[in-house]
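Throw the hints in and build the complete structure from the sequences for me.
There are 2 protein chains.
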Amino acid sequence: MSYGELDNLCINTIRVLSADAVANANSGHPGAPMGMAPVSHVLFNRFMRFNPKNPDWINRDRFVLSNGHGCMLQYSLLHLFGYDLSLDDLKHFRQVGSKTPGHPEAADTPGIEVTTGPLGQGFANAVGLAIAQAHTAAIYNKPGYDLVDNYTYMFFGDGCLMEGIASEAASTAGHLQLGNLIGIYDDNHISIDGNTNCAFTEDVLKRFESYGWHCIHVTDGDNDLSAIDAAIAEAKTVKDKPTIIKLTTTIGYGSKLQGTHEVHGSPLKADDIKSIKEKFGFDPEKKFDVPSAVYEHYGETAAKGAAAEEEWNQLFAKYQKEYPEEGKDLARRLAGKLPEGWEKALPTYKSTDPAIASRKLSETILQKLYPIIPELVGGSADLTGSNLTRAKEAVDFQPPSTGLGDWSGRYIRYGVREHGMAAIMNGLAAYGTIIPYGGTFLNFVSYAAGALRLSALSHHRVIYVSTHDSIGLGEDGPTHQPIETLAHFRALPNCMVWRPADGNETSAAYYIALISKHTPSVIALSRQNLPQLENSTIERAIKGGYVAVESEGAQVTLISTGSEVGICIDAVKYLKEKHNVVARVVSLPCWEVFDAQPKEYKLSVLPDGIPILSVEVMTTLGWEKYSHEQFGLNRFGASGPYKDVYAKFEFTPEGISKRAIATIEFWKEVTPIRSPINRAFAQLI
Amino acid sequence: MSYGELDNLCINTIRVLSADAVANANSGHPGAPMGMAPVSHVLFNRFMRFNPKNPDWINRDRFVLSNGHGCMLQYSLLHLFGYDLSLDDLKHFRQVGSKTPGHPEAADTPGIEVTTGPLGQGFANAVGLAIAQAHTAAIYNKPGYDLVDNYTYMFFGDGCLMEGIASEAASTAGHLQLGNLIGIYDDNHISIDGNTNCAFTEDVLKRFESYGWHCIHVTDGDNDLSAIDAAIAEAKTVKDKPTIIKLTTTIGYGSKLQGTHEVHGSPLKADDIKSIKEKFGFDPEKKFDVPSAVYEHYGETAAKGAAAEEEWNQLFAKYQKEYPEEGKDLARRLAGKLPEGWEKALPTYKSTDPAIASRKLSETILQKLYPIIPELVGGSADLTGSNLTRAKEAVDFQPPSTGLGDWSGRYIRYGVREHGMAAIMNGLAAYGTIIPYGGTFLNFVSYAAGALRLSALSHHRVIYVSTHDSIGLGEDGPTHQPIETLAHFRALPNCMVWRPADGNETSAAYYIALISKHTPSVIALSRQNLPQLENSTIERAIKGGYVAVESEGAQVTLISTGSEVGICIDAVKYLKEKHNVVARVVSLPCWEVFDAQPKEYKLSVLPDGIPILSVEVMTTLGWEKYSHEQFGLNRFGASGPYKDVYAKFEFTPEGISKRAIATIEFWKEVTPIRSPINRAFAQLI
Ligand SMILES: [Ca+2]
Ligand SMILES: [Ca+2]
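Chain order of the listed sequences is A and B.
Per the numbering used here: the first sequence = residues 781 to 1465.
Per the numbering used here: the second sequence = residues 781 to 1465.
There could be a bad hint or two in this list.
Since copy identity is lost for identical chains, a pair holds within one copy or between any two.
To be verified - Derived pair list, reagent style DSSO-like, types lysine-lysine, alpha-carbon separation capped at 30 Å:
(1) LYS1140 with LYS1049
(2) LYS871 with LYS1356
(3) LYS1323 with LYS1124
(4) LYS1172 with LYS1049
(5) LYS986 with LYS1019
(6) LYS922 with LYS1172
(7) LYS1356 with LYS1148
(8) LYS986 with LYS1026
(9) LYS1428 with LYS1405
(10) LYS1140 with LYS1036
(11) LYS833 with LYS871
(12) LYS1428 with LYS1297
(13) LYS1124 with LYS1428
(14) LYS833 with LYS1379
(15) LYS1084 with LYS922
(16) LYS1098 with LYS1323
(17) LYS1036 with LYS871
(18) LYS1423 with LYS1067
None of these hints come from the bench; they were simulated from the model.
Next comes the structure, spelled out in structure tokens:
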């Protein structure tokens, strides 16, 4: 393809628009937008397929800016192509309440696919988006109906490549032979500490070759539009490998300080911007000045995208007639609906049923849902046999050439890559046709904290199957026994943390996790067997908390989760028999969900008048919210058979009873004893 | 070197001893010990220098088992060489209270250098140990005095290599040309999910070549002792690159199930163990049976190590005479003492001093301590200019050939590799001559959560300089604004979380962080300026909490940290002027340290009789521990100038006052109002 003056005008418009917005905000990163304007122009106009009027069109090409600090680039592009992002929005870059926050947020801005900025995340999200495309295509495409054939493009910088999460995702993408994934590496030799030679001297393309990627180097990313074009075109021809295009650019191209880290993260000076505008033939006195030719040109690209969607809509209408079952299923997924009546498959239990580990209960649920919710795509970070995350009949998602599965497979072997797995799941969820879940030990969800945070911030329905949830895992010891982990995720906004106590509660956890379209869930599951509780039902448990043992004239409420609820129930008997003390028990499998119940209900569960003792074999931090006294483990655990470990730390009916009595005694003198549900004021939301 | 029957006997002894211990515990991982027995035997007897009678000898070679689940290998070796680990200890493998927990813990077992098990950590720790050696050698070695010339050896498996943290550390080690680091990769094609071909098909050696490592492949790691020997010998000759030896082995070598994932993580069956013993010429009926020839042979190696230390002690004695200053300094470091009077360098501030961002206050401290505490080795994950972690006169720790620094440099450019940085710091701290600190944004310490957890569990004095600590960072927005982060680390045992409010508190944070030899510290620092408080002193702040504003007849206590303390003090005035309400203010820069104060003191800070309102611009989770009502931010923040963001969420004198009044009203009806310092029972520690 040939490129001319108009192209340069467009590219320079992106540059000055981005520089203007950063200067106007007096905050932001002008360097990357100015350096990557050429490749953006080529990619978006000559290769990408998208309709700015419908950012949700399923077969659009996906674009991820993994170096999210360069988001003024993306905002400029979205504006120029006619997304719902006005020049005024650009003028409010980095202001409270704007659609143009300091880093791109999927929930805030039309056209932003995933939230980026925390480095490396976008890279792994893109791998997830590419997996989702390959999988969705394998499920739905038919001869003559390439319903789903979009590409995923991503930009990333040196910072992303240094992050381990990108290594994990890159190795995964290479193994999976994701030919639909094209990454453009902004090789500008600059990171915040200065020249990358101070910390990052690896041979990037060789590294990506070792992962199984196709590698291309474009040496003049500042000017050689034809070479950029040729590289992307070449990448598209490689069907069995992801491609990385190393694009050597000059950060802050056009600035007096171009090529230095000074243009990375600070606004350019006024005289520098003026000189840039002069250099590029713009009026140095005008700000946010977009030549009409640029709007026109980008409008043409947008119109082509709109036409492509229209064509696709017709194709899909035809498809729905020829393949009514698949058509209905895809339409349902795109509407964000679960299959009618799916919840009937959730198992229920009676208290006479045998004790079962909640990881095993989870396995039963996943097995039962496997044939009913086809959009469930699972996996594990190399702990399949421990997390119990794989349905018996599942096929692995693998390149067919491996002989280990195929593209329609619904089980992903993530390898020992927790952070990568979580961020890939964010990408899977963002695609729009998949509900991802993935397993690891609860303790190692912490490795994925950066990505789980973005599940929450970006409103992704991602399910973290988190087994071996406490000292109850026993012999593996303190290195594997979570103490702080649940407190961490309970403190994370828009994240549901479940710690079910039995079968019905586990079903409740999955029920809420699956119907909550905009919230991730961490489901903490035991390694050891747990008894089925007498009063537990799915209906009760989906309120997040309920009365597990009611007792007339109770002197104390024991509130607990997961494996300790059963021990608390035993403690009720022990207290009665040994001390003639009457206690009641509340199971609180999910704080976030309980918090959302009406106050009246919450007070019926945690009534005024008697003190409350919390019991959980991990940090007490946060339990003060629901209790007057707390029994927990504010230290690391111990390696040994789990019953010995529980006994060591006194998580026994006797140990709980001792503390329950101390609680009753201690609170005798206070009147009234108010339930902690009563608060002086409401929190801002 | 030649190898014979005795060597095979030793190797098979390790195998059967490990299999016996795992079977006896009925829990554990026999596969790796059996597969890696040959290389261990060669490495420990023919190459490594260590004295089992003094595991702390500074010039010992370091050994790290990054695939820590294989720890029975290490326990067997430690026992056979005569470390303080008896056969009885091996019989108590994975039992409560034993010295042989399920994964190796540095604080529990003599001869264990670093805590491993969480995959990839040990790999990065080893990089830290190697950096420490190179740095310490550069500081102390003199002509004729190779005081510090040890190697760091590490074993790691497929799991470690899949983890991003290992990629980060490997890239760093290659950049740093760490010729003293030799890694042995247990290439056994097996991970928990089965054959590595399902998820891990990258070309590992090519990847390491791309990082700048020297690469060797030993194809028969089960039997070819000479090839193993030659590979390690070759690695030692390569002085300007770390070496990876890919050692192809058979997991569970000798078992009927060898080469399958079934021998990875479960005890071998009794009949399998019998057959192994028969195959290797052991009495199948005997357990924990060590031939005396093996003890003798390993005893000889141990004796050589003891002699080497003795020789070293003489060398060091001579060195101390010839280089008294350096000798004294090294002796001081080895004794774990800080330079006398160092604390006098900590800056103090008067309330009339200007407002300064606490990240800047931290910079001043690091600058002042730079010449006084030479063992302080700092760095940043590519945020030097933002974290302000570099002393002006600092030299970078870099290979001299880069022209960017030298081996004696005390500033490490970690690159954008937070997890790797943290785990490398654990290795630096474990070495014994360095106190490491490293900077990143507080929000991205979460990327390093896996390693920070091990700082705490392993008792490493590591300082996490964590700037941009709240919504106060402003424009970068919710992707960068911590909400859950401090709660997470406050819930982590043996971790000090500091959030200083001004200059004196920042000095106090560093004071306690530096004198706490067995505890890591997270120091949360503001981007924005903070006023110097009237009542703050280092002496008060080192108690973790103190009264910042006392008021006769106070009706409410405001308790706060960091940037909100100053706003609370303004709220006191506002409350008095606008509402005639009397309030007092407590600053609580470090919960962990405050918790350790005598109860009487704590009650003087948080007295009975009036309600307490906590104020912190992040999750309220955990604040119930110190307060009756909580004002916080249980949602994500917002992108904008920080004053606008604070105003949006009502963290203003007015917003605080409103809630203080609500708190007073709400608690009027309760008697007595007890300080939350009063508890019904003490927590287990
Ligand atoms: Ca860069
Ligand atoms: Ca392996």
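Comparing the hints with the structure gives:
1. For the identical chains of this complex, LYS1140 and LYS1049 are inter-copy neighbours only, at 24 Å across copies versus 61 Å inside a copy, given an alpha-carbon limit of 30 Å.
2. For the homomeric pair LYS871 and LYS1356, neither the shortest alpha-carbon distance inside one copy (68 Å) nor that between copies (41 Å) is at most 30 Å.
3. Proximity of LYS1323 and LYS1124 under a CA criterion of 30 Å is satisfied intra-copy only: 18 Å inside one chain copy versus 57 Å between copies.
4. In the homo-oligomer, the alpha carbons of LYS1172 and LYS1049 lie at most 30 Å apart only across protomers (26 Å), although the nearest pairing inside one protomer, at 62 Å, exceeds that limit.
5. In the homo-oligomer, the alpha carbons of LYS986 and LYS1019 lie at most 30 Å apart both inside one protomer (20 Å) and across protomers (23 Å), since each shortest distance falls under that limit.
6. Proximity of LYS922 to LYS1172 under the C-alpha cut-off of 30 Å is restricted to the intra-copy arrangement: shortest distance 27 Å within a copy versus 65 Å between copies.
7. In this assembly of identical chains, the alpha carbons of LYS1356 and LYS1148 never lie at most 30 Å apart, being 40 Å within a copy and 63 Å across copies at closest.
8. Both within a single protomer and between protomers do LYS986 and LYS1026 lie at most 30 Å apart by alpha-carbon distance, with minima of 11 Å and 18 Å respectively.
9. Proximity of LYS1428 and LYS1405 under a CA criterion of 30 Å is satisfied in both settings, with 27 Å inside one chain copy and 25 Å between copies.
10. For a Cα distance limit of 30 Å, the shortest separation of LYS1140 from LYS1036 across copies, 29 Å, qualifies, whereas the shortest one inside one copy, 63 Å, does not.
11. In this homomeric assembly, LYS833 and LYS871 come within 30 Å of each other (Cα to Cα) only inside a single copy, at 21 Å, whereas the closest approach across copies is 69 Å.
12. Taking the shortest Cα distances, LYS1428 and LYS1297 sit within 30 Å of each other only across copies (27 Å), while inside one copy they are farther apart (42 Å).
13. Within a single copy, LYS1124 and LYS1428 get their C-alpha atoms no closer than 42 Å, and across copies no closer than 44 Å, so neither meets the 30 Å cut-off.
14. In this homomeric assembly, LYS833 and LYS1379 never come within 30 Å of each other (Cα to Cα): the closest approach is 43 Å inside a single copy and 64 Å across copies.
15. Taking identical chains as interchangeable, the C-alpha atoms of LYS1084 and LYS922 lie at most 30 Å apart only when both belong to the same chain, with a minimum of 24 Å there against 72 Å between chains.
16. Taking the shortest alpha-carbon separations for LYS1098 and LYS1323, neither the intra-copy value of 44 Å nor the inter-copy value of 73 Å comes in at or below 30 Å.
17. Proximity of LYS1036 to LYS871 under the C-alpha cut-off of 30 Å is restricted to the intra-copy arrangement: shortest distance 24 Å within a copy versus 70 Å between copies.
18. For a Cα distance limit of 30 Å, the shortest separation of LYS1423 from LYS1067 across copies, 26 Å, qualifies, whereas the shortest one inside one copy, 70 Å, does not.
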